[in-house]
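The chain contents come next:
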Amino acid sequence: MSDSLWRRSRRIWRRTVQDDVDDEVRFHVQMRVEQFMAGGMSRSDAERAAQEQFGDEAQVRSTLIDIGEQGRRRQDWRERFDSLRQDIVVSLRSLGREPLFTAGVIATLALGIGANATMFGVIDRLMLRGPEHVVDARRVDRLYLTTNAGASGVRTESFVGWVTYATLRDRATSFAGVAAYSTNEIALLTTGNQKREIPAARATWDLFPMLGVKPVMGRFYDVTEDRPPRGEQVVVIGEDFWQSEFGGDTHIVGRRITLGDSPYTVVGVAPNGFTGPERVRADVWFPMSLTNPTPDWPTTYRAQWLRVVARLKPGVTTERAGAEATRVLRAAYDGDRPAMRQLVASLRPLWYGGGGAAPPVVSVSRWLMGVAVVVLLITCANVANLFVARTRRRRREIAVRLALGVGRLRLVRLLLTETMLVVFAGAFAAVMVAWMGGGLMRATLLSNVAWSAGAIDQRVFGFTLIVAVAVGLLVGLAPALEATRVNLTGSLKTGDREGGGRRGTGRAALSMVQAALSVVLLIGAGLFVQSLSRVRSVNLGFQPARVIRAQPRFAPSATEGKDARAVRAQGYQDALYRLQTLPWVEHAAISIGSPYGNGFTIDVTIPGRDSLMLVNGERAKVSAVSGDYFATLGMAVRRGRSFTSSDHSGTSLVAIVGETMAKAVWPGEDPIGKCLIIGDAKPRVKLVDGHVVTQPAASPPTCSSVVGVVGDVHRGSVREPATMQYYIPLGQEVGFGGSELVVRPRGSVADGMLALQHAMAAMPEFSYTRIATIQTAIDPEFRPWQLGAAMFGVFGVLALVIASVGLYSVIAYLVADRTRELGVRLALGATSGRIVREVVSRGVATTAGGVVVGVAIAIVAGRFVQPLLFDVSARSPVIFGAVAALVIGIGVVASWAPARRASRVDPVIALRAD
Amino acid sequence: MEMVLGTLDILVLRGLNWGPKHGYAVARWIEQSSGGSLTVLDGALYTALHRMEQRDWIAAEWGVSALGRRAKFYRLTPLGRKQLLAETKGWSDYVAAVGKVLRTTTQPG
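From first to last, the protein sequence lines are chains A and B.
The opening position of the first sequence corresponds to residue 1 in the working numbering, with each subsequent residue numbered one higher.
The opening position of the second sequence corresponds to residue 1 in the working numbering, with each subsequent residue numbered one higher.
Some hints here could point you the wrong way.
[To be verified] The following label-pair restraints were derived from C-beta to C-beta distances:
#1 A/41 / B/68: 15 to 25 Å
#2 B/68 / A/413: 39 to 49 Å
#3 A/94 / B/68: 49 to 59 Å
#4 B/10 / A/413: 37 to 47 Å
#5 B/63 / A/81: 23 to 33 Å
#6 B/10 / A/30: 26 to 36 Å
#7 A/41 / B/10: 30 to 40 Å
#8 A/81 / B/101: 45 to 55 Å
#9 A/84 / B/68: 37 to 47 Å
#10 B/10 / A/84: 37 to 47 Å
#11 A/428 / B/63: 44 to 54 Å
#12 B/68 / A/407: 33 to 43 Å
#13 B/68 / A/82: 34 to 44 Å
In short, the hints are calculated from the structure, not lab data.
Remember, it's a predicted structure, so these values are computed and weren't measured experimentally.
Quick reminder that beta carbons are idealized off the backbone N, C-alpha and C, glycines included.
Chain A with its partners taken away, still in its complex shape:
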């Protein structure tokens, strides 16, 4: 109701209430006057007496008017409520008469809105809201350092050393708090004889107060317990770990638990869902200073294993903070990398990835949100289409109502109520869809993210509600307004046979839009599926799915009181011998450094040159491996020989180089027999415990003679460019360590893993062995493509189904609308084949129009998707062609059934019909 109308009607009430009161009082006073005059008073006396008898008339009048108006208002509300209830009852009844229509619309909406709610839930958690228990997460950022190291190009990194953290903490003034942490660690929990790996993290003591998290029990460790060079043996445990592992023991604080081989005292319990600045689950939190990446970690820039987060002081912008951090860090740097004196520090949101940009999961999720919106648009178009069709079916009913004097406004309201009821039912179902969909996405595609709350919370709920209202208005208003514009006499006379003017052109346009959007989505699905298959078939240079990697942990008793280094080396050798005798083992080897595992670079030169060149910005990577390594990994030996059991610490120094290194270092020459000088060739100045120590060069430098060339392998990513790689025999390595066993089983990998677990458990020197295929380390990299392929696929098929149902209903409607005309033509001798062709071509024309529009959109959007694809052009003609053919095919199928029906129209019935 418009504002002026509202006011006018208020004025009407005011007058009537006042009139009533006036009339009533006047009547009363008159009666009194007459009564008193009958008692013998003069008129003027009687009037005065009547006034006296009445009391303060003005006062009473205004009281009465107030009472009356209050009543009016109350009654008005009651009427409005009643009419709403009535509308709902009428709507329910009318929807109930067409259960198929109602169910179809609700299901469509459930999927369309549900997809959006699901994606909103994911995006909300990943990006919009900070990690849980972080107070005002928008003010907390992560430190990134951008350096330009000449040949290796500009790099942005978030991993830094302790010194960087301490410098920022002590010297920068932009921050209310600075802390460092490292996640994704594994702790070995020992209870009795049971050992089990649990996720762990390290944090400086100031992380907890900086984030603002409060312990549910006990306290977090403090500055005295986290002080270099070595902190106290204390831990903070997570609440759900406390519940599951210790049954929520109320005396947990002060209790000692065994992690790895040493006891730790529990000082407090972190609240459920607390994951630190990242969404990576951690059951235990260690003081950062308990770590020991290198002996000199508190003073060196070389050990870079932690990430720094900081809370900005109020009013400080990230730009200003970044500028200050840059200044402070440059000034403090005293290491030997000149690039570090030119570094640029920046502060970026917590959800950014390691390289300072949105991680793939986030960018793919953003895309999927966009896709979900497209699906919602298709849904709206379809539901609007169905409602328009429905109102057309009811044209006569509506005309009757209008003729009977039902106001247009009321009729619009009635039709809108119907739409809203259906939309809200759909929204309710959508919440269920989001609940299931969110659970599914979390379990499969986003399993590396720590989720603590359910997929549905009040934010997702609110989002769904807002979307539902918007959809309801969008979908409901147009057909409702359209319907009331009915030509009264025409509709009453001929029912739904004629009238309505523009025959379904609007509906055909909606169908075309639907077809276009499904084309876009299906092309997206095609691109991602092909990316996924390309990325899966990338030759990594070895066979990650066939290689089991075993990382044993030595029992404390095995190394006690002995030379730990020697015991370990011997332990690996013994284990290797034993494994090699087992019948199920095809190949086994020991390696220091392996693909998707540890990587080492040490100084390497060739005679006559200062240092080796960089290839693709990387220095040469070295691994020390035992003889059977190349066979175990399935690497190709291109030239020369592999290592044998006679290559070890005591024998002459040899090396095997990768193809890229061979070509880069000795272009056009045979690398066999060439000399590599591996290890420190020049004196090095080092800072140890604050003292300058000069390490002498290995003198004289000795040659490792190249004995073979092997194929390159990917070291850590399917996308990485070729790097220089070389191998030396196990035992000849200097300056790096960390052995692993690699095993290639004969039979199935799953059986091999079990057998390996047994074999390792049977060896007393090992307390626990972590066993996994190398493939396990590769899988996370595939997730974005999996996510993209799965979701574009699901949404694309969904869109196609909705679009084909839409097209079907348009064509079916068209046929029904033209029954009489078709009947006449058939009676006049038109062949049924001709009719079928005509109807089908109409459907195909609509679809083809959609395909053209969709392809155009896909070509434009391709530019933005390209970076997410792998080795596939975003304008791949094969995929475009296949999708176009598929959608047009569906168009033919969808219009076939109505076309058949059209050709079988009985002219007699058609002409008689109404």
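With the hints as your guide, set chain B onto chain A.
Just chain B now, with coordinates in the frame of chain A:
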């Protein structure tokens, strides 16, 4: 005699118990049936009538008086009838209790 507070409602309801009446008739009925000893300001009477109308104890309708004039007639609703019964009983109990105290012969203490 002045009206005891809160008793006007019950008198009005009682007056309407005989059938629909306009406000003036209700006033006259109270005067006559009390033998003229209960006087009430007409304004107060109308305020009471309108309040009870909002509470749905009585319903109002415009009609024509005995003398052919337009007048607003009030009648008792089922809810008002219930209210009348309840208040009548409450009033009798109250009167009985007060009477009992007044009739008592024992000395306090």
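For the range 23 to 33 Å, tell me whether the beta carbons of residue 63 of chain B and residue 81 of chain A fit it or not. holds, 30 Å
Consistency of beta-carbon spacing, residue 82 of chain A to residue 68 of chain B, with hint 34 to 44 Å: Holds: the Cβ-Cβ distance is about 37 Å, inside 34 to 44 Å.
Distance restraint evaluation - residue 41 of chain A, residue 68 of chain B, Cβ atoms, bounds 15 to 25 Å: About 24 Å separates the Cβ atoms of residue 41 of chain A and residue 68 of chain B, which means 15 to 25 Å holds.
Per the hint of 26 to 36 Å, is the separation of the Cβ atoms of residue 10 of chain B and residue 30 of chain A within bounds? Since the Cβ atoms of residue 10 of chain B and residue 30 of chain A sit about 28 Å apart, the hinted range of 26 to 36 Å holds.
Using the C-beta atoms of residue 10 of chain B and residue 84 of chain A, is the stated range 37 to 47 Å upheld? holds, 38 Å
Does 30 to 40 Å hold as the CB distance between residue 41 of chain A and residue 10 of chain B, or does it fail? Holds, at about 32 Å.
In this structure, is the beta-carbon distance linking residue 94 of chain A and residue 68 of chain B contained in 49 to 59 Å? holds, 50 Å
Does the Cβ distance between residue 68 of chain B and residue 413 of chain A fall inside 39 to 49 Å? Since residue 68 of chain B and residue 413 of chain A have Cβ atoms about 45 Å apart, the given range 39 to 49 Å holds.
Can you tell me whether the CB distance of residue 68 of chain B to residue 407 of chain A sits inside 33 to 43 Å? Taking Cβ atoms as reference, residue 68 of chain B and residue 407 of chain A lie about 39 Å apart, which means the hint holds.
Can the suggested window of 44 to 54 Å be confirmed for the beta-carbon pair residue 428 of chain A and residue 63 of chain B? 52 Å Cβ-Cβ, so the 44 to 54 Å window holds.
Between residue 81 of chain A and residue 101 of chain B, does the beta-carbon spacing fit 45 to 55 Å? holds, 50 Å
Are residue 84 of chain A and residue 68 of chain B spaced within 37 to 47 Å by their CB atoms? holds, 43 Å
No hint from the list above goes unmet by this structure.
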